[in-house]
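Each chain, written out:
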Amino acid sequence: MPRPMAAEGQPSLKQAASLKQTIAAIEAACLPGKTRSARVHVETGIPAMDEALGGGLSRGTVHEILPRTVQDLGAAAGFAFGLATRAQEKNAHVLYIQHDFTSAETGRPYLPGLKLSGFDTSALIYLHVPRAEDVLWAMNEALKCRGFSAVIAEFPAHTRVLDLTCTRRLVLAAQEGLGFGLILRHAAAIEPNAATTRWLVSSKPSRTNPLGGIGSPHMHLDLVKNRFGSSGQWNVEWHAHDRKFETLPPAASLSGNLVQPPVHRQGRAQPRAAVA
Amino acid sequence: MNAEAVRLGLRHMMPLADARAMYPALAVETADDIADARLLEAIGDWLSRYTPLVGLTPPDGVMLDITGCAHLFGGEDAMRRDAVRRLHDQGLAARTAIAGTPGAAWALARYGERRNIPDDELKETLRPLPLVALQLSPDTVDAMARVGLARIGDILEKPRAPLAARFGASLLQRLDFALGRADEPITPRLPVPPYIAERNLSEPATHEAFILEIISHLAGDLARRMEERGEGARALQVTLFRVDGAVRRLSVATSRPQRDPAALHRLFRERFSTLAEELDPGCGFDVIRLSVTAAEKAGIPQSNLVDGANGSDDLADLIDRLGVRFGPRRVRQLAFAESHIPEYAVTERAPGSWHEAARPSGNPQQQAAQDACGPTRPLRLFERPEPIDAIAEVPDGPPVRFRWRRVPYEVAHAEGPERIAMEWWRDETGRSLTRDYFRVEDREGRRFWLYREGLFGSETSRPQWYVHGLFA
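As you go down the protein sequences, you meet chains A and B in turn.
Start counting the first sequence at 408; every next residue gets the next number (the numbering used here).
Start counting the second sequence at 873; every next residue gets the next number (the numbering used here).
Bear in mind the hints are in silico, worked out from the structure with no lab data behind them.
Just so we're clear, the structure is a prediction, and the values are computed from it rather than from any experiment.
By construction, the Cβ of each residue, glycine as well, lies at the ideal position given by its N, Cα and C atoms.
Warning: the hint list may mix true and false statements.
Simulated crosslink set (DSS-like; lysine-lysine; CA at most 30 Å straight-line) [said to hold, decoys possible]:
| hint | chain 1 | residue 1 | chain 2 | residue 2 |
| --- | --- | --- | --- | --- |
| 1 | A | Lys497 | A | Lys551 |
| 2 | A | Lys632 | A | Lys551 |
| 3 | A | Lys551 | A | Lys427 |
| 4 | A | Lys497 | A | Lys427 |
| 5 | A | Lys497 | B | Lys1169 |
| 6 | A | Lys551 | B | Lys1169 |
Derived, one-sided and incomplete: chain A residues facing chain B with beta-carbon distance under 8 Å [as the list claims (entries may be wrong)]:
| hint | residue |
| --- | --- |
| 7 | Leu518 |
| 8 | Leu521 |
| 9 | Ile532 |
| 10 | Ala595 |
| 11 | Pro599 |
Using the sequences plus the hints, can you model the full thing?
Listed below in structure tokens is the structure:
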């Protein structure tokens, strides 16, 4: 099927992303044992965000979620669970991995809260390991497993285990499985790694509900790295009842004109080696 | 008594003063009963290479049921000689005997001359032995000695009723046990596993990879036998017998009946990799045994033609490996518990029930909050609530500002209080304070779950504030 090419003879980033997606979809449909991943993307529910991501957050790879400051960890965890909720499907579990330090320092996922956020709690398997190295090992093993729709692993702010090699290995492992891996770090780190996307998450004041109380979780998402698409920033709310993210109606936005259209990155015409 | 002591003329139970009088240079050690008992257990473990049915007869004996095992070692006598030789190599002097009943074997090993007696000579062989060989209490032996009964032969033909009347029924019971008129059970030290496979190695194995290879072969043997009976293993144990007598046991458990040799191999590979210290093969392991310590009914696995590998099999396999590596208590499935105390509202259980009911449906029961309102319970709960400095209105107003981990927060919105009192049956001291929970949002939009402990005025004059959880 001929496709229009960009004038310079180079496919644009967007085209490359959509081509990759098509290939991935064909592969998923043809390769044995991959039928369940026919849906290669998890739609976030926000058209602009899905467009920047080339259809949604890709399965079979690893994404990184960072709180903008240490205090934003709650929002970052909320975003991670939101994505996991979006990815949930029948007979697939979600693995949450913490180690002793992170759980003692910042608490554990709390089942009643998860349920009220729309997460199917019967799918959750919680793994508690002694060290950060074990988190990495367990995440690697779990990503290969075909029983998970998402594997969320928490890492402390300062850790040496998440280097380029290790994360690359995680991405390769995730290609064998069906779900995606979410690395939830306790603080923004600058080391390069192989995660497909990197999100900086910060809390935003919620809209007050009609009764005057605190409204749905509201957060600011900053997609700072996206290997197969453009970056962007969005203010989103997590709507527990509908189990989806939604952007605020502009009038209701408390923080003025922070909702920006996705910014297309320049100077990266050639996408890097395929990780389909 | 070792050979050296016998040569010097020392005897068992000889007073120390007499022994010192004979040999003033004699080195004396205080008896260490606990260490002796431990040694006996270790010997028992090691002897389980001959038969799985090993019982201890403290303080100094081990009883083996070798029914059906002897031919594997070239007959009863060859087996006995092999055991004695190997024990000798380990620096242990052993007296051994084989007989048709445990009682007779016990008596012969200690008081007899013959080492292996056929059943029809049992009575005649026991006849000259002292009565103490029947494992009678010293009081009974003394009482019988006073009336001139010293040997087993003395009571063999006596009428039973008067003997029982005078010395107690246990005397006749012991006699019956020894002669095989009644069955004396051997209490095995360890339960006898339903399936055992083992390999004797002419060349002791020292390399982990080689040992794993053998385990995998043994798992193949067991898998065939389990399949015949439609069972799968829930718990397995590898027993490694080191040449010098040390015994290593490594156990793994599975979350569902498992008999796939490849999966079992993976489990043991994980188990080996978690050993805190090295396996320490020393001069090598010469017997490797794989036993299934718990088995359950298991159907024939059906593989899905379309999907290839089955996702839930894959998952159960992973859960097992995680359990072996990190300990089964670290892999949990969380569940709701009936309690309104936040920290008790969640329980943990082992993820093992892969029944349809336990599987996620993909459609959670809609308990989610209305979209306009945020959830009333936090996404993360601290293992223990962290104390904070908060400024709030008395008696029960929400916090206005607070300081947590040295960072000040200005509260913009607060919802509450949600008053939660300790459940009386958990409150052992009767002094637990009532908590007033608030959902607060600071000016930056961070949402916290705070509580004030103690009702102002009635319970305390200075309530302490805590942060208990974080909202998304």
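To see whether the hints hold, each was checked on the structure:
{"no.": "1", "hint": "Lys497(A) x Lys551(A)", "in the structure": "holds (18 Å)"}
{"no.": "2", "hint": "Lys632(A) x Lys551(A)", "in the structure": "holds (24 Å)"}
{"no.": "3", "hint": "Lys551(A) x Lys427(A)", "in the structure": "holds (22 Å)"}
{"no.": "4", "hint": "Lys497(A) x Lys427(A)", "in the structure": "holds (27 Å)"}
{"no.": "5", "hint": "Lys497(A) x Lys1169(B)", "in the structure": "holds (27 Å)"}
{"no.": "6", "hint": "Lys551(A) x Lys1169(B)", "in the structure": "holds (29 Å)"}
{"no.": "7", "hint": "Leu518", "in the structure": "holds (5 Å)"}
{"no.": "8", "hint": "Leu521", "in the structure": "holds (7 Å)"}
{"no.": "9", "hint": "Ile532", "in the structure": "holds (5 Å)"}
{"no.": "10", "hint": "Ala595", "in the structure": "violated (16 Å)"}
{"no.": "11", "hint": "Pro599", "in the structure": "violated (28 Å)"}
In this structure, the earlier hints numbered 10, 11 are contradicted, and the remaining ones agree with it.
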